[in-house]
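Colleague: The whole structure should be built from the sequences, with the hints applied where relevant.
Number of protein chains: 2
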Amino acid sequence: MVNETQHTCSASSSSKSDGGSSSGSESSKDSSRCSTPVLDADRHERLREKMRRRQESGDKWFSLEFFPPRTANAAVNLISRFDRMGAGGPLFIDVTWHPAGDPGSDKETSSMIIANTAVNYCGLETILHMTCCNQTKDDITGHLQKAKRLGLKNIMALRGDPVGEEWEEEVDGFNYAVDLVKHIRNEFDDYFDICVAGYPKGHPEAESYEADLRYLKEKVFAGADFIITQLFFRSETFLKFMKDCQAIGITCPIIPGIFPIQGYHSLRQLVKLSKLEVPQEIKDVIEPIKDNDAAIRNYGVEQAVSMCRELLDSGVVHGLHFYTLNREVATTEVLKRLGLWTEDPRRPLPWAVSAHPKRRVEDVRPIFWASRPKSYIYRTQEWDDFPNGRWGNSSSPAFGELKDYYLFYLKSKSPREELLKMWGEELTGEESVFEVFTCYITGEPNKNGHKVTCMPWNDDPLATETNLLKEQLEKVNRRGILTINSQPNINGKPSTDPIVGWGPSGGYVFQKAYLEFFTSSEIVTALLKVLKKYELRVNYHIVNVKGQNITNAPDLQPNAVTWGIFPGREIIQPTVVDPVSFLSWKDEAFALWIEQWAKLYEEESPSRMIIQYIHDNYYLVNLVDNDFPLENCLWQVVDDTFELLNSQTQQ
Amino acid sequence: MVNETQHTCSASSSSKSDGGSSSGSESSKDSSRCSTPVLDADRHERLREKMRRRQESGDKWFSLEFFPPRTANAAVNLISRFDRMGAGGPLFIDVTWHPAGDPGSDKETSSMIIANTAVNYCGLETILHMTCCNQTKDDITGHLQKAKRLGLKNIMALRGDPVGEEWEEEVDGFNYAVDLVKHIRNEFDDYFDICVAGYPKGHPEAESYEADLRYLKEKVFAGADFIITQLFFRSETFLKFMKDCQAIGITCPIIPGIFPIQGYHSLRQLVKLSKLEVPQEIKDVIEPIKDNDAAIRNYGVEQAVSMCRELLDSGVVHGLHFYTLNREVATTEVLKRLGLWTEDPRRPLPWAVSAHPKRRVEDVRPIFWASRPKSYIYRTQEWDDFPNGRWGNSSSPAFGELKDYYLFYLKSKSPREELLKMWGEELTGEESVFEVFTCYITGEPNKNGHKVTCMPWNDDPLATETNLLKEQLEKVNRRGILTINSQPNINGKPSTDPIVGWGPSGGYVFQKAYLEFFTSSEIVTALLKVLKKYELRVNYHIVNVKGQNITNAPDLQPNAVTWGIFPGREIIQPTVVDPVSFLSWKDEAFALWIEQWAKLYEEESPSRMIIQYIHDNYYLVNLVDNDFPLENCLWQVVDDTFELLNSQTQQ
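As you go down the protein sequences, you meet chains Z and B in turn.
Residues 0 to 650, numbered by numbering that gives the first Met the number 0, are exactly what the first sequence covers, in order.
Residues 0 to 650, numbered by numbering that gives the first Met the number 0, are exactly what the second sequence covers, in order.
For the record, the hints were derived by calculation from the structure and aren't laboratory data.
Wrong hints could be hidden among the right ones.
In this list, chains with the same sequence are indistinguishable; a pair is considered to hold if it fits within one copy or across any two.
[Claimed, not checked] No farther apart than 30 angstroms at their CA atoms in a straight line, the calculated lysine-lysine pairs in the DSS-like style are these:
id, residue 1, residue 2
1, Lys-49, Lys-532
2, Lys-531, Lys-49
3, Lys-531, Lys-59
4, Lys-271, Lys-410
Modeller: Right, dumping it as structure tokens:
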């Protein structure tokens, strides 16, 4: 993937980047050179360029359509669905526009906010639908400006359904999708990639199939970049449509919309809305099994797979667009059977990158938010620049406050009752807290038989990488070293390693061992004595909720704890332990005890007071073993600490 | 050295660097955080801070005084002396001000330009002397502005000798050094560190020893940061002076000026100028041996060593200042015997850093100028920013042109006759050029019995590191792969390694194998075929003098070829292979064939035409083996190339 192209450029054609013959007085600020690592071309290309590149390389792709949820809880679920389905590698997702649901508002269920979350917090290339009929120019411009501000880069321009029964043209208003396309190009120039809808059977309201094709051509010539079609039931329908489009001069990509039949009623509803006719051979299969959901879904998957295969085999289809109806199973199944679901264990960076254009050069983050990337993104959303190359160069210590722990994309997926079962209906002392941490690490059920699958600092089960440390982690959590983040040391594994690898292939990745935990002041006192022996090897930061801060970090410099060496590139060092941002993280990490855990219990209840006591008195500690080629010494540090404590007790 | 200090700071005292509680809307541009790697505290501290730190740590130091040379050739020699004596680790050097020698001019022998070269090209902390009598305010301000512009940060403020016989005060003029101190503080605030002269026996023109002490106090209270004394012959003289200074409230550092007696005549002259009296016990030794230079020098060394020991043993002396008289042997000998000469093989970075304050964050350079660092500094002197962390972020491709190959600090130390002996009085073909390269590598004499100790691309013998590759280099040079730069691959050696180590202790250094050479187009054609096999592993840039450029570098990105991992720090990657600056280097590398070699011969002579032919037809090639943990494959690439050529010849 990397390093394969041979560039041959003559002296004259390379003049733009070759400043060799200029006077030397030019300021480096004026340099026209690319200043970013370009680890992943995907982060720098527009959607239409990605499509073109995939088409050229013959690499087939898929995309996924979702509609905005009705409730905040449904929004939380939809966001985790984005994360799960995003793992399969869609080229983009799109979010429909619900005129009745205040789609441009700041509500957590609005189309705008769902699309914003997909881009910024889930890192997905996203198209926001937008309809224009019955809206003023100002409204529409306002929506578009907001979309741009939020980092959205793609719009699906639609007419939308008229409110009244009969369709009446408004003078000077937006009557057709083409008006919206023109408006976007007029007001926003080439900023947005624009998608429009195509109707393989013709739009139900069009005079004729041919007339509809002409409208489509108008939309494309007005500035649309590609077309996604309405659903259809036979591959011939699409292939004929595509040929007809090309015949009248439409040359942009046309992406077939695939609708895996998932149930009798959803099919009927959709057909009614879209005024499509279900072919007889499909009706014949479905009618007899209409009350058997599983059977219909199985048939739907079969039918979709075979139609998709025909489309892909035709040679003219490069990508497939799926109408998911916000469901996961059928679409994922179809994609897996087609071999398009590519749960690529390789990551461009060890953390999930955000798709906001402002963040596209970002390639360094503090390790602290490793399990809470959405919180990190939220707290840095006001930054103008993002660190690139080195944390110290361009990062800002100005983290936004995290007051609202109930922001829907930060909310725990588990409801209160579930959390109480995992973390204890009633706590009897600090030891019952140790027990919860230990069960989370081991994956064993707690004494009431419930597995602990999340913690306030981590909404997901333990990472595969952390599993490498499981045995030691269990041992120390039992004794009150309450770990919330860790990584093993790695001395040059291939970048394609399924567990710790990241970045382009052909590289080598490295890590320094890291351990972060809450613990009592008694343990901290012993730990500090032990750390004197490790002064040159281990860097530490120890802080309590009041901000008392003990560290041996030289000049408050960041310590790179993950880095990678790749062919033909500069070094990438995507995670650092940064002493300054640790103090912002500390506020969040301590607050999570209260916000997520203590508040499960009644005020003044013993359980709540136990958590409050830990919050008020424990320290948050992080340790880095700088000697990455040697065996991780952090476990020895902890052992030595317990040994010292034991010897003191015995005296 | 690193990592030893334990910082304990409360939440309130850390508020400056802790932005955790601010609103998040602050732009990262406003960040008050240190943005540099601070690899070496020395690069960031002012001279007076370095002195304080050394005093606190009990680490004794020395400094060296030089005067400006009379001729350009003497300047070349003085600059190499700076490099050699700089290796012993002086805290600073100082350059005297010769009012008669146009000291502020741009002449290569002026005080200003010599000090400029010491700072910028030799990387030495430097004090420029400046005298004020018989000069206008404007002249002096002009000199100071120029010094500041050139990156000089320290001034020794002196009165200077009046021109006439008798001393007359000028109204409103600069009559005393104190006037100059005040002027510097008025006009330049705290920019410069200021040094003044102290007279352990009192200034010869002062009314009394006590009056002179009061003048000295005036100079210090006017803003001087430290004092260097006139020479003296007995340690008691200095120790009494120091006590007397402290008694009247002078608390700044007072540095004894040491003059190792190096010859009878120089001693007499100095004594005459400084109006000092040589103690009888010294006269008694010297007079009988006055015609035996060696004997006098030996005595001078003995005498200086014993006096210096007394001073250091007193406990109040932390540094010694040496009047070198631009000579090397005696001072070096004294310093070595005192244990102060610390030729530390450890380097802060693999290349010698410049001491210009503008360049203090610089920590990345292209590998191409590895053997011509002064040329690199010259060609980038107009840059406003220097790359820091990543080459791509802050570097400018705008290299200044290098037209003047005879800039005194770029000039070969060897005269033309010497070069002809090394490189051949008469060349008989390309093979005789191969022979010169081979002799340079092996260190064996050429066929006329002369060793080749420098090349146009490297004024020094082969680096120790390159010696690791000697055998292979010899083999390929014999066959017309004319190497000018190379490094072996290194997979994590300790940063204290005597050959390849650099940076603070406790770290690990890494390298990718690198090879750069000139070669014929015939070899390049075969090489390109061979490189196809190594496409994913080896990055190459191949360019001829006309700028035809063949590369497989992805998106013209730089490739980090040297990097280091240190405790508590971000990754440092001090050398890169940068495709863009390679084109600037190419111009210089090709021009050196003509400027340094071809021009040794008569125009149209066969020897000159041979070099001209190579210049016009050869390619400059660089190769990087990205797989640094494996055995260097570049020799295999070259072997494969010759094998392919052989097989073609046989067909």
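Colleague: Work down the list of hints and note, for each, if the structure agrees.
Modeller: Hint check results:
For a Cα distance limit of 30 angstroms, the shortest separation of Lys-49 from Lys-532 across copies, 29 angstroms, qualifies, whereas the shortest one inside one copy, 53 angstroms, does not. Taking the closest pair of Cα atoms, Lys-531 and Lys-49 come within 30 angstroms of each other only across two copies (27 angstroms); inside a single copy the shortest separation is 53 angstroms, beyond that limit. In this assembly of identical chains, the alpha carbons of Lys-531 and Lys-59 lie at most 30 angstroms apart only when taken from different copies (27 angstroms versus 57 angstroms within one copy). When the C-alpha separation of Lys-271 and Lys-410 is checked against a cutoff of 30 angstroms, the pair qualifies neither within a copy, at 37 angstroms, nor between copies, at 87 angstroms.
The earlier numbered hint that this structure contradicts is number 4, and it is the only one.
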